[in-house]
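Following the hints, position chains G and E against chain Z.
Keeping their order, the protein sequence lines are chains Z, G and E. Those letters in the first sequence? Residues 1 to 85, per the numbering used here, in order. Those letters in the second sequence? Residues 86 to 424, per the numbering used here, in order. Those letters in the third sequence? Residues 425 to 785, per the numbering used here, in order.
Since the hints were made in silico from the structure, they are not lab data. Don't be surprised by glycine CBs; every beta carbon is placed ideally from N, CA and C. It is possible that some hints are incorrect.
What the hints assert, rightly or not - Here are the in silico distance ranges between beta carbons for each label pair:
id	chain 1	residue 1	chain 2	residue 2	range
1	E	R711	Z	E21	25 to 33 Å
2	Z	E35	E	G756	43 to 51 Å
3	E	A551	Z	G31	25 to 33 Å
4	G	E296	E	G533	30 to 38 Å
Claimed, not checked - Lysine-lysine pairs mimicking DSBU-like chemistry, simulated, CA-CA at most 35 Å apart:
id	chain 1	residue 1	chain 2	residue 2
5	E	K438	E	K426
6	E	K449	E	K438
7	E	K555	G	K226
8	E	K704	G	K217
9	E	K665	E	K426
10	G	K375	E	K426
11	E	K449	G	K375
12	E	K704	G	K384
13	E	K665	E	K449
14	G	K384	E	K438
15	E	K438	E	K665
16	E	K665	E	K704
As the list claims (entries may be wrong) - Derived contacts from chain Z toward chain E, CB cut-off under 8 Å, selection only:
id	residue
17	G31
18	F57
19	N70
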Amino acid sequence: MCLAIPMRVLEVRGTGGDMLEPPLAVVEAEGVRREVRLDIVDRLPVVGDYVIVHAGFALHSLDEQQARENLDLLAMMAAGGDETR
Amino acid sequence: MENKKDCVTLDHGSGGLAARELVQEVFLSRLNNSRLAPLEDSAVLPVANGRLAFTTDSYVVDPLFFPGGDIGALAVNGTVNDLAMRGAVPLALSLGLIIEEGLPLEVLERVVDSIAAAAETAGVDVVTGDTKVVHRGAADKLFINTSGIGSIVEGVEISPGQVRPGDGIILSGTMADHGITVLAEREDLGFGGQLRSDTFALNHVVAALVEHFPGGIHALRDPTRGGVATTLCEIAVVSGSSMEIWEERVPLNRPVAVACEILGIDPFFLANEGKCLLFVDPAVEGEILKALHRHPGGKQASLIGRVTDGEAGRVVLHTAVAGQRLMTPLTGDPLPRIC
Amino acid sequence: MKHVDEYRDRELVKSLAFRLADQVKRPLRFMEVCGTHTMNIFRFGLRSLFPADLEVVSGPGCPVCVTDSADIDVCIAAAENENVVIATFGDLVRVPGSRGSLAESRARGARVEIVYSPIDALELARAHEDKLVVFVGIGFETTVPTVAAAVAQAARLRMDNFCVLSLHKVMPPVFARLLAGNHQLDGLLCPGHVATIVGRRAFEPLALDYGLPCVIGGFEPVDIMQALVQLAELAARREAKVVNAYPRAVAEDGNSSAWRLVTDIFQPVDAQWRGLGTIKSSGLAIRDVYAAFDARRRLDFETETPAPPSTGCRCGDVICGRCRPVDCGHFGGSCTPGHPLGPCMVSSEGSCAAFYRYGEH
Numbered sequence: 001m002c003l004a005i006p007m008r009v010l011e012v013r014g015t016g017g018d019m020l021e022p023p024l025a026v027v028e029a030e031g032v033r034r035e036v037r038l039d040i041v042d043r044l045p046v047v048g049d050y051v052i053v054h055a056g057f058a059l060h061s062l063d064e065q066q067a068r069e070n071l072d073l074l075a076m077m078a079a080g081g082d083e084t085r
Numbered sequence: 086m087e088n089k090k091d092c093v094t095l096d097h098g099s100g101g102l103a104a105r106e107l108v109q110e111v112f113l114s115r116l117n118n119s120r121l122a123p124l125e126d127s128a129v130l131p132v133a134n135g136r137l138a139f140t141t142d143s144y145v146v147d148p149l150f151f152p153g154g155d156i157g158a159l160a161v162n163g164t165v166n167d168l169a170m171r172g173a174v175p176l177a178l179s180l181g182l183i184i185e186e187g188l189p190l191e192v193l194e195r196v197v198d199s200i201a202a203a204a205e206t207a208g209v210d211v212v213t214g215d216t217k218v219v220h221r222g223a224a225d226k227l228f229i230n231t232s233g234i235g236s237i238v239e240g241v242e243i244s245p246g247q248v249r250p251g252d253g254i255i256l257s258g259t260m261a262d263h264g265i266t267v268l269a270e271r272e273d274l275g276f277g278g279q280l281r282s283d284t285f286a287l288n289h290v291v292a293a294l295v296e297h298f299p300g301g302i303h304a305l306r307d308p309t310r311g312g313v314a315t316t317l318c319e320i321a322v323v324s325g326s327s328m329e330i331w332e333e334r335v336p337l338n339r340p341v342a343v344a345c346e347i348l349g350i351d352p353f354f355l356a357n358e359g360k361c362l363l364f365v366d367p368a369v370e371g372e373i374l375k376a377l378h379r380h381p382g383g384k385q386a387s388l389i390g391r392v393t394d395g396e397a398g399r400v401v402l403h404t405a406v407a408g409q410r411l412m413t414p415l416t417g418d419p420l421p422r423i424c
Numbered sequence: 425m426k427h428v429d430e431y432r433d434r435e436l437v438k439s440l441a442f443r444l445a446d447q448v449k450r451p452l453r454f455m456e457v458c459g460t461h462t463m464n465i466f467r468f469g470l471r472s473l474f475p476a477d478l479e480v481v482s483g484p485g486c487p488v489c490v491t492d493s494a495d496i497d498v499c500i501a502a503a504e505n506e507n508v509v510i511a512t513f514g515d516l517v518r519v520p521g522s523r524g525s526l527a528e529s530r531a532r533g534a535r536v537e538i539v540y541s542p543i544d545a546l547e548l549a550r551a552h553e554d555k556l557v558v559f560v561g562i563g564f565e566t567t568v569p570t571v572a573a574a575v576a577q578a579a580r581l582r583m584d585n586f587c588v589l590s591l592h593k594v595m596p597p598v599f600a601r602l603l604a605g606n607h608q609l610d611g612l613l614c615p616g617h618v619a620t621i622v623g624r625r626a627f628e629p630l631a632l633d634y635g636l637p638c639v640i641g642g643f644e645p646v647d648i649m650q651a652l653v654q655l656a657e658l659a660a661r662r663e664a665k666v667v668n669a670y671p672r673a674v675a676e677d678g679n680s681s682a683w684r685l686v687t688d689i690f691q692p693v694d695a696q697w698r699g700l701g702t703i704k705s706s707g708l709a710i711r712d713v714y715a716a717f718d719a720r721r722r723l724d725f726e727t728e729t730p731a732p733p734s735t736g737c738r739c740g741d742v743i744c745g746r747c748r749p750v751d752c753g754h755f756g757g758s759c760t761p762g763h764p765l766g767p768c769m770v771s772s773e774g775s776c777a778a779f780y781r782y783g784e785h
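Just chain Z, with the same shape it has in the complex:
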């Protein structure tokens, strides 16, 4: 129930609060572009951020720092560190 893909923000539009222009981001991955809605994203992304896209909406702005830590933890765990203590 939650097929969602991280994509990079190229452009942000319509976040000026104008009622009729919905908040949008143009996102991209490997040259494939999409327009996604920002109505429900937790933190408004800036160009260069990554957002998780589900059913045409950005659900979450990925935090680069968090992502790097996440990867380091994984590598450590795979090497034998116990992560849940």
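Just chains G and E, lined up with the frame of chain Z:
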């Protein structure tokens, strides 16, 4: 035509003057050759000894035009490829069109231009044809059927029955390009130009391989609807053999992979219109690969797996992350998913 | 793809598989409750990397598989109304109700359009002013906010030909139903993107009320394997706590603004689950203030009582390991992939569908 109408009308299908003008103006001007020109009820072809391959296919793709090709190019390449998959050299094509009343003439002309260009590239003539026009709504713009005959040189035996354990399995290039391109275009998913259909006539490269590697090619199949997965499963069942496939070796364009991830569709299930799976004698698989790489139709050819001596019909996929699972045929139309 | 390829690293998956084998010291059974976990475990062939003593059961986490046949019949009734256009995610089109599926209705002439986003359904409504577009809202906490945003926009634009047939469901109540009474589960792999919306903390009651270790996992192979390693560690110590193993997408309190929008537009309601019957306040219905966008009020479906789950459907027990697919009286007889009674048979990777395909039946 002085009273140049801008669209196809029921008159064009009536067999009367308007119909004859359409054939002259749109078809003969583009597809002209000595056998078609007389517009006889049947074209007559000399029959060499040996065997004749015969195939037919209908094309109802929507939209009619898409990046990388259109219904006209598909209609020629699809049927030419079906002949090539039995090692046959295409001799002649037939062309049948069912046109919805109101189709702009300009659209029909563009399609027939593509048919002419594709036939010329494949080096085969359209020798006979037919056009029918139906009431608005009775067909979706344009349907095309093409049939093809081809000659099979003595001693060439290419069919699933020839597949043997140990055979190398080669895919002639990247998969899913056509299927994802048409889906994205039809559903107007706005993927921004990175996707292109791979429609392409494979008869020249197949003819070259058959000639240089006599007996080296056991079976060929173009993985159109249902994709590479369905085709592998079909061949495994028909040939009573088992297979192992390595996902890492299956060529896939990055934008196609991303579009499939976004839509939740497995690229192994999407149609290809310019690729084939080759089941080859392991002794010459390396040479065949090199030959393919030298040809426009095989630049990214890759050895993706091996026929094994296991349970008939069983296709095992070694995934890119060192997992393993059974490959299954497509059960229904691949549709965008959220889950 | 950045933030994807790193989590599909072959060597990392292999070393996590060894770690998993070390951690699983006795037979363990985990339940994953997300269709996307089910699909990716199958797609990447991860089951072949699980140690023999580890069983991972597919729970009722696929929104399509839990949609009751009575609800499918309601969608078909709407589709047969000729001034209605049904807009639906592709997942739902082939699932059978008691008299066929939406795909069959479309073949008989009903207007059924596949959409990728609720926003596409709004576009459809704009393009067909003479028709009433009914968007079939399926999905759990991850998808509901996107539908709420579409309803909010339709309200802002005062669109009168768009409404939602809400079949949405939420996770917590179904756990209560499944885990009440004895269950043979040692841990729960929890859905990452549901947690992206509701937050890690929302899963605490599961660990406390049922004494079950819970790990919130992402969906790439590395995410799934490392979540299972952590779950196995907790299970070994029988430690009932909720670990967030998907920190790049899940925060302590999730995306509260998205969930607030959901609670503005939807309210809890009892819902029918295929094979599990009615579960109290497990569904979401559109609030009165947005009645104009509620398909159940825009179209008068004769309120035929929902078909009771056929007696003897034991999907709940299969999921919780209280019985195996073959122990269910319907398995292979009145319940087959072609005519599925419960979610375990609808989902191509549900326990019963997988057993039917590979097992001896």
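We went through each hint and held it up to the structure:
no. : hint                        : result
1   : E/R711 x Z/E21: 25 to 33 Å  : 26 Å, holds
2   : Z/E35 x E/G756: 43 to 51 Å  : 47 Å, holds
3   : E/A551 x Z/G31: 25 to 33 Å  : 29 Å, holds
4   : G/E296 x E/G533: 30 to 38 Å : 52 Å, violated
5   : E/K438 x E/K426             : 21 Å, holds
6   : E/K449 x E/K438             : 19 Å, holds
7   : E/K555 x G/K226             : 24 Å, holds
8   : E/K704 x G/K217             : 60 Å, violated
9   : E/K665 x E/K426             : 31 Å, holds
10  : G/K375 x E/K426             : 33 Å, holds
11  : E/K449 x G/K375             : 50 Å, violated
12  : E/K704 x G/K384             : 59 Å, violated
13  : E/K665 x E/K449             : 20 Å, holds
14  : G/K384 x E/K438             : 32 Å, holds
15  : E/K438 x E/K665             : 27 Å, holds
16  : E/K665 x E/K704             : 26 Å, holds
17  : G31                         : 11 Å, violated
18  : F57                         : 4 Å, holds
19  : N70                         : 5 Å, holds
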